[in-house]
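Colleague: Here is how the chains run, residue by residue.
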Amino acid sequence: MSLLSRELLLTRRLAGSWVFALVFFALFASICAIALGGSRAVMAPIAPALLWIALILSVLLATGGSWQASLPDGYLEQLRLSGRSFAGFALSKALAMALTIIVPLLIAAFPVAIAFGQSAQAALGLTLSLVLGSPAILAYALLAGAATLRLSQGGMVIILISLPFLVPTLMFGLSFSQAYERYGFNADGLALMGVSLISVAAAIPAVAAILQATMEDG
Amino acid sequence: MINWLSNPKRFERFAGTAVPICGWLALVLIVTGFYFGLYASPEAQGFGQGVRIMYVHVPSAWVAMAGYSAIAVMSFISFIWRHPLADRVAYNCALPGTVFTALALITGSLWGSQSWMTWWVWDGRNTSTLVLLFIYLGYIAIWSSMDNKKLAARIAGILAMVGAINLPIIKFSVDWWDDVMHQKASILTTESSNFPLSMLLPLMLMFFGVSFFFAWVVLRAVLRDIAIKRKDSAAKINAPATATLTRMEP
Numbered sequence: 001m002s003l004l005s006r007e008l009l010l011t012r013r014l015a016g017s018w019v020f021a022l023v024f025f026a027l028f029a030s031i032c033a034i035a036l037g038g039s040r041a042v043m044a045p046i047a048p049a050l051l052w053i054a055l056i057l058s059v060l061l062a063t064g065g066s067w068q069a070s071l072p073d074g075y076l077e078q079l080r081l082s083g084r085s086f087a088g089f090a091l092s093k094a095l096a097m098a099l100t101i102i103v104p105l106l107i108a109a110f111p112v113a114i115a116f117g118q119s120a121q122a123a124l125g126l127t128l129s130l131v132l133g134s135p136a137i138l139a140y141a142l143l144a145g146a147a148t149l150r151l152s153q154g155g156m157v158i159i160l161i162s163l164p165f166l167v168p169t170l171m172f173g174l175s176f177s178q179a180y181e182r183y184g185f186n187a188d189g190l191a192l193m194g195v196s197l198i199s200v201a202a203a204i205p206a207v208a209a210i211l212q213a214t215m216e217d218g
Numbered sequence: 001m002i003n004w005l006s007n008p009k010r011f012e013r014f015a016g017t018a019v020p021i022c023g024w025l026a027l028v029l030i031v032t033g034f035y036f037g038l039y040a041s042p043e044a045q046g047f048g049q050g051v052r053i054m055y056v057h058v059p060s061a062w063v064a065m066a067g068y069s070a071i072a073v074m075s076f077i078s079f080i081w082r083h084p085l086a087d088r089v090a091y092n093c094a095l096p097g098t099v100f101t102a103l104a105l106i107t108g109s110l111w112g113s114q115s116w117m118t119w120w121v122w123d124g125r126n127t128s129t130l131v132l133l134f135i136y137l138g139y140i141a142i143w144s145s146m147d148n149k150k151l152a153a154r155i156a157g158i159l160a161m162v163g164a165i166n167l168p169i170i171k172f173s174v175d176w177w178d179d180v181m182h183q184k185a186s187i188l189t190t191e192s193s194n195f196p197l198s199m200l201l202p203l204m205l206m207f208f209g210v211s212f213f214f215a216w217v218v219l220r221a222v223l224r225d226i227a228i229k230r231k232d233s234a235a236k237i238n239a240p241a242t243a244t245l246t247r248m249e250p
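Same order as they appear, the protein sequences are chains G and V.
The first sequence runs 1 to 218 under our numbering.
The second sequence runs 1 to 250 under our numbering.
Worth flagging that the hints you see were computed from the coordinates, not collected in a lab.
Just so you know, not all the hints are guaranteed correct.
[Said to hold, decoys possible] Simulated restraints on C-beta separations:
| no. | chain 1 | residue 1 | chain 2 | residue 2 | range |
| --- | --- | --- | --- | --- | --- |
| 1 | G | Ser30 | V | Ile80 | 46 to 52 Å |
| 2 | V | Val28 | G | Gly155 | 19 to 25 Å |
| 3 | G | Asp73 | V | Leu5 | 57 to 63 Å |
| 4 | G | Ser2 | V | Trp116 | 56 to 62 Å |
| 5 | V | Ala227 | G | Ala187 | 33 to 39 Å |
| 6 | G | Ile53 | V | Glu43 | 27 to 33 Å |
| 7 | G | Ser30 | V | Leu110 | 38 to 44 Å |
| 8 | G | Ala120 | V | Trp119 | 38 to 44 Å |
| 9 | G | Ser39 | V | Asp175 | 31 to 37 Å |
| 10 | V | Ile80 | G | Gly65 | 26 to 32 Å |
| 11 | G | Ile53 | V | Thr118 | 23 to 29 Å |
| 12 | G | Ala87 | V | Lys150 | 18 to 24 Å |
| 13 | V | Trp119 | G | Val131 | 57 to 63 Å |
[As the list claims (entries may be wrong)] Over the 12 Å line for every Cβ pair with chain G, so calculated as not near, a few chain V residues:
| no. | residue |
| --- | --- |
| 14 | Lys9 |
| 15 | Glu12 |
| 16 | Phe14 |
| 17 | Ala26 |
| 18 | Tyr39 |
| 19 | Ser41 |
| 20 | Ser144 |
| 21 | Val162 |
| 22 | Pro196 |
| 23 | Leu197 |
Don't be surprised by glycine CBs; every beta carbon is placed ideally from N, CA and C.
This is chain G alone, in the form it adopts within the complex:
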């Protein structure tokens, strides 16, 4: 719990870093709308795909580098010396990122979906699919970020590592959101939740193992 409040405090002190992801998300959506000519007839069918890609890129860019600061400021070293588990740190970082970066993005997704010509029901389904899929996106973003902790130019490698792992999330997410308007909550939603849970269960211990390796072998 103290780990979590430290993370939240850090994010708050970094004047408005959480806004960057939100602005990127809105900017990406606007650029897509401009590129597509702003016609709702064109945008509406591909809006779910665009918003999914926008969310994935926003989360990767905003959270991928979130481990970087804890190396030079000695926090990881202290954690290693204190003998506390890296898993707790990884989990609290994930929770803090979910609260400060993911939640605002998810709140913004609904109005953006409406602006892209989705009906209220379709926009709700789309937002719901993003909510269910976001744990997986965050988990792999943090995993790729931890893997590139020692690299000065990690950004490209983060995307290279995490995107292939996000293929199932993307597929289930989009089919859930497309079926939602007609069928409500469907089996694809369960599959999406399953993929999200597996991703978190695989990625968080992997993050802890990578942080430990970075402190021991790095």
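Please arrange chain V on chain G, whose structure you already have, making use of the hints.
Modeller: Frame of chain G; chain V shown alone:
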């Protein structure tokens, strides 16, 4: 078996005999496979001469997946027992694995251009093989972007294990996505019942030939790594003084 091989000396002795055996077997099997595949087998109904691509395509796809499985298993061994030899095997599987994945995609595309009249379709198999290619590339990217190879081995191994958890999910989701989005039950139905022996023979020859070729490439690379490592440590022991002197000169 693994425990016995984990000693580099014993591994060298084993690989020293295995490398020429794998190499010659691969050569003989692939050459005879080519002979039967290109001359001594019939063209398949509905595929024409294009079916001969299969004798390269199917073994490549098999080795692509077997290579990643080898990486995952070796990463697991390295993660648990911290054995550097397992890391070397995993690392040296990556490049040939990538090449065979690319080869499977390219030959598949060529074959598709003949039998499906299109170079590429986003069907389940194509898509999951493409994702596998990207996973291979990400794995290689970690190795090549890190100077500290000990750390790179550790991290690449952990990512390879996460990838191994993911691959079946990707496979499943892609197949299912294919069904839902595309609604084409089968483009390609080779009824296994009338798969004639004259075609099965070259396929099997190529299958084993390519597998032995893969083993040959990997074992040779591991032997080379052991030799380099030994040379480096020998150089360190023999000439530390000169090394420091030359560095201090300017």
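Colleague: Mind listing which of the numbered hints don't hold for this structure, in increasing order?
Modeller: Per hint list: 2, 3, 5, 6, 13, 20, 21 violated.
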